[in-house]
Amino acid sequence: MIVHNHEVVIIGAGMAGLRAALEVSKVGDVAVLTKVYPTRSHSGAAQGGMAAALGNLDGDNWEFHMFDTVKGSDYLGDQDAIEFMCRNAPELMYEVEHMGTPFSRTPEGKIAQRRFGGHTLNFGEKPALRACYSADYTGHVVLHCLYDQCVKNSVRFYSEFQVTYLIVKDGICRGIAAWDIRNGGLHVFNTKAVLFATGGYGRVYRITSNALANTGDGLGLALRAGLPLEDMEFVQFHPTGLYRSGILMTEGARGEGAYLLNKDGERFMKRYAPTLMELAPRDLTSRSIQTEINEGRGVQSPEQQAKGEPGDAVYLDLRHLGREKLKAVLPQIFDIAENFMGIDPAKDPVPIQPTSHYSMGGIPVTIQGRVIRDAQSTEVPGLYAAGECACVSIHGANRLGCNSTLDATFHGRHVGRTIARDLPSLSYHDLPPEAMREAQAEMNWYFDRSSGTENVADIRGELQNTMQKNVAIFREEKALTAQLDIIQNLQRRFKNIHINDRNQRFNTEVMEAYELGNLLNFVETIVVGALEREECRGAHWRTDHPGRNDVEWLKHTLAYREDGKIRLDYKPVVITRFQPKERKY
Amino acid sequence: MERGIGSGGAFAWFFQRISGAVLVLALLLHFWVLHYSNQGEVTFEIVAQRLATPVWKTIDLTFLVLAVIHGFWGFLMIVRDYVHSKNMRLFLVAAVWTVGLVIAVMGALTIIGFHPPLPVAPPEQLGGMVQ
Amino acid sequence: MRYKWKSGQWAFVLHRVSGVALSFYLIMHIYVVSSLYDPQNFDTVMAFLNQPLFKILEIGLLAAVVFHGLNGIRVMMIDFANATRVHAQIFWVVLAVSAVLIAVGAVPFLMHAGVLGH
Amino acid sequence: MQYTLRVYRYDPESGQPGRLVDYTVELEKGATVLDALGEIKAHQDGSLVYRRSCRSGICGSCAMKINGFNRLACETQVESLGRKPIHVEPLPGFKPIKDLVVDLEPFWNNLHRTLPWLINPNPPPTDKERPQSPEEFAWLEMPMTCILCASCTSSCPSFWADRTYLGPAALNKAFRYEFDTRDQGFGQRRDTLDNRHGLWRCHTIMNCNDCCPKHIRITEEISWLKRKVVEEKY
Ligand SMILES: Cc1cc2nc3c(=O)[nH]c(=O)nc-3n(C[C@H](O)[C@H](O)[C@H](O)COP(=O)(O)OP(=O)(O)OC[C@H]3O[C@@H](n4cnc5c(N)ncnc54)[C@H](O)[C@@H]3O)c2cc1C
Ligand code: HEM
Ligand code: SF4
Ligand code: F3S
Ligand code: FES
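Chains as they are written, first to last, in our numbering: chain A, 10 to 594; chain B, 13 to 143; chain C, 10 to 127; chain D, 90 to 323.
FYI, nobody ran anything at the bench for these hints, they're computed from the structure.
Treat the hints with care, since some could be wrong.
[Said to hold, decoys possible] For lysine-lysine, the following DSS-like pairs were computed, each having C-alpha atoms within a straight-line distance of at most 27 Å:
#1 A/LYS504 <-> A/LYS564
#2 B/LYS98 <-> D/LYS217
#3 D/LYS173 <-> A/LYS316
#4 D/LYS217 <-> A/LYS35
#5 D/LYS317 <-> A/LYS478
#6 A/LYS564 <-> A/LYS593
All values reported here derive from a predicted model rather than from experimental measurement.
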């Protein structure tokens, strides 16, 4: 076991991790650990844009942005945090530009902005042009630019290191253990501060826009270390995932004017959101699509047609935009439709399906990015989180498009500043030997599974399929309870998994099994949270409990794993400017 | 920045292209003159007559020098591509330059040294110049 | 399995090989010509070089010059005229034109060598 | 539909050289090579190793040599490769680590040598963006889409001959900053570009250009850089 000392270790090299690294590298010795090369983090997949009320094309201002975010969150977002972010978003945006990110431009040479779901002017009057974009490569170019800046500042990267263990003792974070994927072997990092920026967990579901690497490792690590997870029942389903694979067709497509059509060719959104139509927020749009499908107006695939089965897709129609415009402003969409479906979007409509996309919940943190461990906001010294794996909470029950790249970059920077400020008062703490033994024993267990009989991929597949069926867009008690049993059964089976490869080097079989173990560990928090929350709010929709219930449920869920069971606790929502109202678009 | 045998090659790159372009023209001329303008008969008289005029002397000289530099610079390019040991490169670069220079001088002397068919300069004299 | 040979790689290798061949020929050529200050000698050697074998070799030389020159133009189009989009097409044009020129050029060679008769 | 994949297997710890192993898999219509590898890993041999993440052609992890040609496994439909056994091998030109995984350190090192960040000594305007017209941005649209998959550099014969040759991916990056109107870094980048291991090792072989999954016309960009160096120099 190799022991390293770094004042600060950042886990994850997406927008959040990289932006934080830039900030911390100015004052201290920082190491960034990532299980894929930094530029391969999933932030690079963000297509549509990054929200900031620059008002380059209309009279936008940050208060509208704040209102939209609060309303979009179904009033579950903490308004002090939302205000802090939206107010400073323009300044952050300019900084990102100054660092060298290429942006699409207005004729006057300003950053171009497009419409995005749920973003409006004048508190809901009409759609706002708020999403700053770079064709449909926004996340990609921002991620690469941040990486470039880190290279410039000689940030130390440990690429292809998978963090497997978080060392918290006596309420203090002391470091982490990580597996060196390339050469094999466990490395222990003794630190003053650890920052989690491990991204999302879309891989809980079968249909997802997320990367294969998005397995929510950070959440599992935190939960195992005795820390709670916040608001896990809120999982965003993006309305437009490519049929079957779930690969994302950016909302920017609808921002540019694409239609949603059911099998009768009807623009069905007029029945669900007459004002914003296709640009309604994601939860609403996804539910509308799912309703169309459930009520038999879905588009059938050729096989379904042959078998006479109902369709489970609707069309994203881009044809009227014309080839020229598509190629110019949505080039990636063009390629994706061609490469993955064999469809020319200028000629044919593209079949799409809602796809699991974003986790509103995560590791609970204060506005400053310090991880807390209870409803009283008791901080865990030396532990921080930012980006999709953290829950500030900005997004509440539902995130608006383009707000998460903003969140990741903004809070990445801010938590970096917090760490820089805290660093003088932080110190190294002893690594408890039993923790190190446990971390090693755990890896040994995986490498010693040749006698097991259960197939890892089958367990994973079953988890994903059942989650998709029971805990997706529409939820109800029976399915949720059933899902809990299924998960517990899968957890039992997992104890007997088989691993073929005993090689220490580049053993992705072990790494994937580890990820599954982690998933199985925290996925229960989603189900239990959803089961307990008997209301409809944002992305969480209980068919057996219609309507939002502010009296009982205007609060954040905290989920702990204690003695093998999930225990829930609740935390109040911060409301400053905007009192909860019914959400209409 | 590395210089000399390790140097970049901006000039070489540019020169290869310029000389290449000129060589196209020169070669067209050369082939035409040599093989087609007089039914492909290449005799001493014809060659010597042509070479006697100063205009032809300059044309041929330019052609020769360009071709040699172009060709040998091409060799240097190849050496730069494949030879990564410093000593070996030094040796090969020196070798290419030497052969190149010798060939260029030899060719130049031939062209300059050529006289009208008769009277011909004494062979010893010319030979001396070549050596 | 090796890496797939696409037109660009063919063009490069042929260009390089022809360039080297031409350079060696140039060395030989200058050496031969320069030692031929004597008219008698010149004509003898020329006669010698008029043998069919050398005529065939000369066709090779012609091929090298034609391809190298035309492809050199292709390279320059890529370098100076942003022709990358159609680089493969230009390569095929280069090959086709080379073939024609070589065929046309070879006829007089072969005729003089008596291979085709007068 | 059944397909046969002939996959390169190499285990450094066994002491044996790499070899090709046939796997037959049953795949749905529309399946990609990455799906096929996933199927092999899931149900035939879990020890098969390859890099992947996004499975949507944006992260650049899954570049490999498929039927002799570098491409992204996740973007390549199995159907498009014909009925013969599909050869799947690691990227050429890099040291193999295990199965389809290669050592990319030379790739990253070369990339970093081009000073891949915006260089501009003038402070930016406060509370405003640096202005840039849509036409000026258009220059960046092609190079900025590079996903650093290493397909191009791995396919370049000049790189095979010289691992310190910057290679097309690094040159694409250099182009992306050099032709950004906000950048003034030429003075600093010039020596790395105009170098024995820089621009001049490119002989317009075009393998890079032909295999780039983002259709970046890398050779064209390299030509722009060459001309820029020549112009500035003479
Ligand atoms: C397809 C798609 C499109 C999107 N489009 C938009 C958009 O247009 N606008 C918008 O605002 N948002 C968008 N989002 C959401 C947004 O991109 C993400 O929420 C955001 O980028 C998350 O950034 P991050 O830094 O938190 O995490 P990520 O970028 O996911 O980075 C996670 C990092 O953690 C590392 N990591 C994870 N686990 C471990 C471990 N165990 N050990 C070591 N390292 C680990 C990974 O290697 C990676 O570097 C989109 C998301 C998806 C999936
Ligand atoms: C007909 C006119 C010619 C043109 C247009 C031409 C063009 C070129 C060009 C553009 C290159 C550079 C290739 C590169 O950088 O990759 C080159 C290389 C070369 N040329 Fe020529 N050339 C011509 C004639 C000749 C002749 C007559 C010779 C022989 C003396 C020759 C020998 C070479 C050699 C040896 C190389 C280097 C090969 C390489 O780098 O691949 N060329 N030529
Ligand atoms: S230029 Fe193209 S091939 Fe090369 S690394 Fe970038 S995306 Fe890959
Ligand atoms: S393959 Fe290599 S030689 Fe140049 S054109 Fe591409 S970099
Ligand atoms: S897996 Fe990301 S590019 Fe293929």
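Here's how the hints hold up against the structure:
Proximity of A/LYS504 to A/LYS564 is assessed by CA-CA distance (about 36 Å); at most 27 Å being required, the pair is judged violated. For a cut-off of 27 Å, the pair hint linking B/LYS98 to D/LYS217 is broken: about 51 Å separates their Cα positions. Proximity of D/LYS173 to A/LYS316 is assessed by CA-CA distance (about 31 Å); at most 27 Å being required, the pair is judged violated. Restraint check for D/LYS217 and A/LYS35: satisfied, since their Cα atoms lie roughly 24 Å apart, inside the 27 Å limit.
Distance restraint check for D/LYS317 and A/LYS478: the Cα-Cα separation of roughly 58 Å exceeds the 27 Å cut-off, and the hinted pair is therefore not satisfied. Taking the CA atoms of A/LYS564 and A/LYS593, the gap is near 21 Å; set against the 27 Å cutoff, the hint holds.
Hint compliance for this structure: hints 1, 2, 3, 5 are not met, and every other hint is.
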